[in-house]
Amino acid sequence: MTTTTHEAEVAAAPREEGLMNLTLKIWRQNGPRDNGRLVTFKVKDISPDMSFLEMLDVLNEQLQAEGTEPIAFDSDCREGICGMCGLMISGEAHGPEKTTTCQLHMRSFKDGETITIEPWKADPFPVIKDLVVDRGSFDRIIQAGGFISANTGAAPKAEAILVPKENADRAFVAAECIGCGACVAACPNASGMLFMGAKITHLGELPQGQPERDARVVSMVNQHDAEGFGGCTNIGECSHACPKGIPQDVISTLNKDLRTALKRGR
Amino acid sequence: MKRGTTARGTTVFLKFIMATTGLVFIGYLLLHMYGNLMVFGGQEAFDNYAHHLRTFGEPMLPYGGLLWIVRIVLIASIIGHLYAALTLWNRAKGARTTKYAVKKAAAASLGSKTMRWGGVAILAFVIWHLIHFTIVKPAINAEFAANDIVASPYTMVVASFQLWWMVLLYVIAMLAVGLHLSHGIFSAQQTLGWTQSRASYVRAKAIGHAVALLIVVGFLLPPLAILFRIIGD
Ligand code: SF4
Ligand code: FES
Numbered sequence: 001m002t003t004t005t006h007e008a009e010v011a012a013a014p015r016e017e018g019l020m021n022l023t024l025k026i027w028r029q030n031g032p033r034d035n036g037r038l039v040t041f042k043v044k045d046i047s048p049d050m051s052f053l054e055m056l057d058v059l060n061e062q063l064q065a066e067g068t069e070p071i072a073f074d075s076d077c078r079e080g081i082c083g084m085c086g087l088m089i090s091g092e093a094h095g096p097e098k099t100t101t102c103q104l105h106m107r108s109f110k111d112g113e114t115i116t117i118e119p120w121k122a123d124p125f126p127v128i129k130d131l132v133v134d135r136g137s138f139d140r141i142i143q144a145g146g147f148i149s150a151n152t153g154a155a156p157k158a159e160a161i162l163v164p165k166e167n168a169d170r171a172f173v174a175a176e177c178i179g180c181g182a183c184v185a186a187c188p189n190a191s192g193m194l195f196m197g198a199k200i201t202h203l204g205e206l207p208q209g210q211p212e213r214d215a216r217v218v219s220m221v222n223q224h225d226a227e228g229f230g231g232c233t234n235i236g237e238c239s240h241a242c243p244k245g246i247p248q249d250v251i252s253t254l255n256k257d258l259r260t261a262l263k264r265g266r
Numbered sequence: 001m002k003r004g005t006t007a008r009g010t011t012v013f014l015k016f017i018m019a020t021t022g023l024v025f026i027g028y029l030l031l032h033m034y035g036n037l038m039v040f041g042g043q044e045a046f047d048n049y050a051h052h053l054r055t056f057g058e059p060m061l062p063y064g065g066l067l068w069i070v071r072i073v074l075i076a077s078i079i080g081h082l083y084a085a086l087t088l089w090n091r092a093k094g095a096r097t098t099k100y101a102v103k104k105a106a107a108a109s110l111g112s113k114t115m116r117w118g119g120v121a122i123l124a125f126v127i128w129h130l131i132h133f134t135i136v137k138p139a140i141n142a143e144f145a146a147n148d149i150v151a152s153p154y155t156m157v158v159a160s161f162q163l164w165w166m167v168l169l170y171v172i173a174m175l176a177v178g179l180h181l182s183h184g185i186f187s188a189q190q191t192l193g194w195t196q197s198r199a200s201y202v203r204a205k206a207i208g209h210a211v212a213l214l215i216v217v218g219f220l221l222p223p224l225a226i227l228f229r230i231i232g233d
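Line by line, the protein sequences give chains A and B. Numbered according to this note's numbering, the first sequence spans residues 1 to 266. Numbered according to this note's numbering, the second sequence spans residues 1 to 233.
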């Protein structure tokens, strides 16, 4: 890995209180086949009220102004609900706070700090360019079983199938997963168990999820393994990195469901 | 959903193998520890116990029959545990071939981080331990005759643990075992799906630490008592 220095020129302006100058070491990779390397940039006068992605927008404007190719990174809602953004920030998925990268603010950093920014690194998430990765493997896991089959037609009455409060609560907690991939990025084994466990718990706690319960877990785990994710060693880095705080016990539910499916001959 | 897929051979299935074989080891360690503590009963009690292990179940079982059943179960468990561990280790390596330049470990315990290499170290220790007390029984302490060592398990143990460096070796090994168990016992419960709530998850961690501590202390009492001449003189 080589590190090159690149100084973005910024016009000197009178400095407001609390503005920050930062050194950014950013992963640049031209495409899936390129090896990738960290490149150093400087940004000046960053407001603590900016979001992390706005700070990158500022950098990209500088780069564009001087004819350097801007840094490719993903984002969509910038509200913490779509799961599109996601960066490894100085070794922590989504940075130092329990939130998404788009909802992370620069007040979490200090003036003069050096921040290393890398894409999620996991072979099932190949880098497309710079900080953008392809998380199609997650989509294929969901396609393998992360759904329920329902007849079309008029929507049934909401109270037709009652769900006990505890089940509804647990299903809701699990359903908060936004598929961002931070769990895989943070996991030393690059395992997708938290993401998968969230979906299996979400559907498994609800009556609608029961008919396909055994087939679901078997199909999803097989797809997970086929995509090349690692196995879980119950370390817990995933829940710590998860912006939605998906707890470890969803993985236990996944394990239990697979064990039940095994017992029933799958 | 896809047909023809099976739960067997998945990473989660490999973890079931890790967990169940791991629990076999825990059961064995607790029995082994109980046996070791017999050394506090003196030479006769300990030697009788060692003899009884071999005549247990006679005449339904041949001499040493129980021990051989236990050994076969343990050997099968070691093979399963190793096979699953190495396969998962290999998968994990392949799942991230480009490393991070900076990566923080925010939640990982020391035990969880040392499972793999710690496990290898424990395997090396187990091989030495078998040579030491089962297969070769070398007369390492010159103050004891080789014949006495082979004749009395009690003498064999006392002769070994009157040597400070031998005790040190076993202390280090038991700390490695304790570290491995502190994560492993919890991890097995999580893998078997016994921790589906916050409370049971916390309890599983506590059980892991408590059993690991019990095993470390229980195994270290006899060597330390012998080293400090509380027993054996
Ligand atoms: S479990 Fe959490 S970290 Fe993983 S994909 Fe879902 S929201 Fe992101
Ligand atoms: S951009 Fe949608 S969650 Fe960050």
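There may be inaccurate statements among the hints.
Calculated pairs, DSS-like style, for lysine-lysine (alpha carbon to alpha carbon, straight line, at most 30 Å) [unchecked claim]: (1) B:LYS103 / A:LYS44; (2) B:LYS99 / B:LYS113; (3) A:LYS98 / B:LYS103; (4) B:LYS205 / A:LYS25; (5) A:LYS25 / A:LYS165; (6) B:LYS205 / A:LYS263; (7) B:LYS113 / A:LYS165; (8) B:LYS205 / A:LYS129.
For the record, the hints were derived by calculation from the structure and aren't laboratory data. Remember, it's a predicted structure, so these values are computed and weren't measured experimentally.
A quick look at each hint next to the structure:
As the CA atoms of LYS103 (chain B) and LYS44 (chain A) are separated by approximately 26 Å, the hinted pair is consistent with the 30 Å bound. With a C-alpha separation of about 17 Å, the suggested pairing of LYS99 (chain B) with LYS113 (chain B) holds against the 30 Å cut-off. A threshold of 30 Å between alpha carbons decides the hint, and for LYS98 (chain A) with LYS103 (chain B) the separation of about 16 Å falls inside it, so the pair holds. For a cut-off of 30 Å, the pair hint linking LYS205 (chain B) to LYS25 (chain A) is broken: about 38 Å separates their Cα positions.
Taking the CA atoms of LYS25 (chain A) and LYS165 (chain A), the gap is near 47 Å; set against the 30 Å cutoff, the hint is violated. A threshold of 30 Å between alpha carbons decides the hint, and for LYS205 (chain B) with LYS263 (chain A) the separation of about 27 Å falls inside it, so the pair holds. At most 30 Å may separate the alpha-carbon atoms for a hinted pair to count; LYS113 (chain B) and LYS165 (chain A) exceed this at roughly 38 Å. At most 30 Å may separate the alpha-carbon atoms for a hinted pair to count; LYS205 (chain B) and LYS129 (chain A) exceed this at roughly 41 Å.
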